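J.: Protein sequences, first through last, are from chains A and B. For any residue, its number in this note's numbering is found by taking its place in the first sequence, counting from 1, and adding 326. For any residue, its number in this note's numbering is found by taking its place in the second sequence, counting from 1, and adding 1.
Note that these hints are calculated values from the structure, not bench results. Owing to the predicted nature of the structure, the values given are computational and were not obtained by experimental measurement. Heads up, some of the hints might be wrong.
Stated by the list, open to error - Which residues of chain B face chain A? A partial, calculated answer using Cβ under 8 Å:
no.	residue
1	13
2	15
3	19
4	21
5	39
6	42
7	46
8	123
9	302
What the hints assert, rightly or not - Far from chain A by the CB rule (all over 10 Å, computed), these chain B residues:
no.	residue
10	152
11	245
12	273
As the list claims (entries may be wrong) - Residues from chain A shown here face chain B by an in silico Cβ test under 7 Å; the list is partial:
no.	residue
13	332
14	358
15	359
16	390
17	400
18	404
19	408
20	410
21	411
22	414
23	416
24	418
25	427
Positions of the beta carbon are idealized from the N, C-alpha and C atoms, including for glycine.
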Amino acid sequence: MEHGSYQDQSKATFSLTDEDHTLANSLRFTLNQDPRVTFCGYSIPHPSDARVNIRVQTTGDAAREVLKDSCQDLMLMCQHVRSTFDQAVLDFKNQKNLEAVNIK
Amino acid sequence: MGVDNSFRLDDFRKNLRVEVVRLTEDDIEFDLIGIDASLANAFRRILIAELPTMAIEKVLIANNTSVIQDEVLAHRLGLIPLQVDPRLFEYISENDIPNEKNTIVFKLHARCEKGGPRSTVKSDELKWLPNGSEFLLATENSASNTASKQKTYTSFSSSQDSLPEFSNNPIAPKYPDIIIAKLGPGQEIELEAHAVKGMGKTHAKWSPVATAWYRMLPEVVLLQEVKGVKAEELVNKCPVKVFDIEDIGKGGKRANVARPRSCTLCRECIRGDEWEKFVALRRVKDHFIFTVESTGALPPEVLFTEAVKILEDKCERVITELS
Chain A
327 MEHGSYQDQS KATFSLTDED HTLANSLRFT LNQDPRVTFC GYSIPHPSDA RVNIRVQTTG
387 DAAREVLKDS CQDLMLMCQH VRSTFDQAVL DFKNQKNLEA VNIK
Chain B
2 MGVDNSFRLD DFRKNLRVEV VRLTEDDIEF DLIGIDASLA NAFRRILIAE LPTMAIEKVL
62 IANNTSVIQD EVLAHRLGLI PLQVDPRLFE YISENDIPNE KNTIVFKLHA RCEKGGPRST
122 VKSDELKWLP NGSEFLLATE NSASNTASKQ KTYTSFSSSQ DSLPEFSNNP IAPKYPDIII
182 AKLGPGQEIE LEAHAVKGMG KTHAKWSPVA TAWYRMLPEV VLLQEVKGVK AEELVNKCPV
242 KVFDIEDIGK GGKRANVARP RSCTLCRECI RGDEWEKFVA LRRVKDHFIF TVESTGALPP
302 EVLFTEAVKI LEDKCERVIT ELS
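Using the sequences and the accompanying hints, generate a full structural model.
T.: In structure tokens:
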């Protein structure tokens, strides 16, 4: 749900349901990395409701597009973390196997 | 503007390092270097609360003459970790019929002989029923002998052990020696337990990790040179031996930081007069030492990979909502 102005697309508050600090803080971090963003923050109106408000203000681009790009960036970062982690686990297991063979 | 974003991603890709320190069947300790605290915390939160698992939810009690109350027994059964991959099952919601894709049925029938000694009911007495529930639904129909098949509490159209994953390894609790109840002579427990898929958010029994935590790498910095007697004093002060002595010619001694990773930040090294001018204790802001202890449903390295996948799915959901 986007709360903004039809005239000025560069500022908006996005209200996400069924979300909490897990996604909101990570999105806030990637939004801050974007040079088009002048202001970004999130708040949780009430801890019993699973709802998060993310405020984005940009230098002119539509806030919706900037948020979408940040989500894409976060996805790419996650994919990179996953592949690096899988590779590290594989390397560790191979190294253990080599050590076991050498001991024998 | 896309150029700026890709520069940041490239920086992230260059700086991110993962080093596995320890990997056993049940736990993993690894370092995530070059990542921000918000992402590390997101992974920790997902590991604890949003990774699905199978756990016993409904308990149909036919007979319970033990001293353990029905609800206490059902609560204990729910907390037993099951060794089954939750990715093979689907979620069940309120009005769904329990079938072989969303429910696992266990049976427990324990009896303590009258005149015999007291007995203990352990988790290995939970027997898996691959064909579904055996308790019959009470039917109003008096002409029920014309019906060919009696209706039970679940409707399995095929047996679960026809699936290749389960044909050779039956579904069972991960640990066979968990005490469920204790029976005195003449007491009996007969029940059926249905396990379903859920997340730690709803109830902690569905959390796949015993726990998962991270700490940031401590940074111990010597602000000034610590030589001679002071160096010896510093090395002896630290209870976990973070400092070491190195010789600098002509019998002189100097202290250096050898093992900052084992520092527990007890601050013993800055206790006393003026030690704060010599030693600074900080944390490295982007070096996270993760420890994940699995309860047995999935191996710990798979758990972390699934947690990252779940964060990706959340992003994707936001993108589709925005489009």
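J.: Taking each numbered hint in turn, which are not upheld by the structure, reported in ascending numerical order?
T.: When the structure is compared with the hints, numbers 2, 8, 13, 14, 23 and 25 turn out to be violated.
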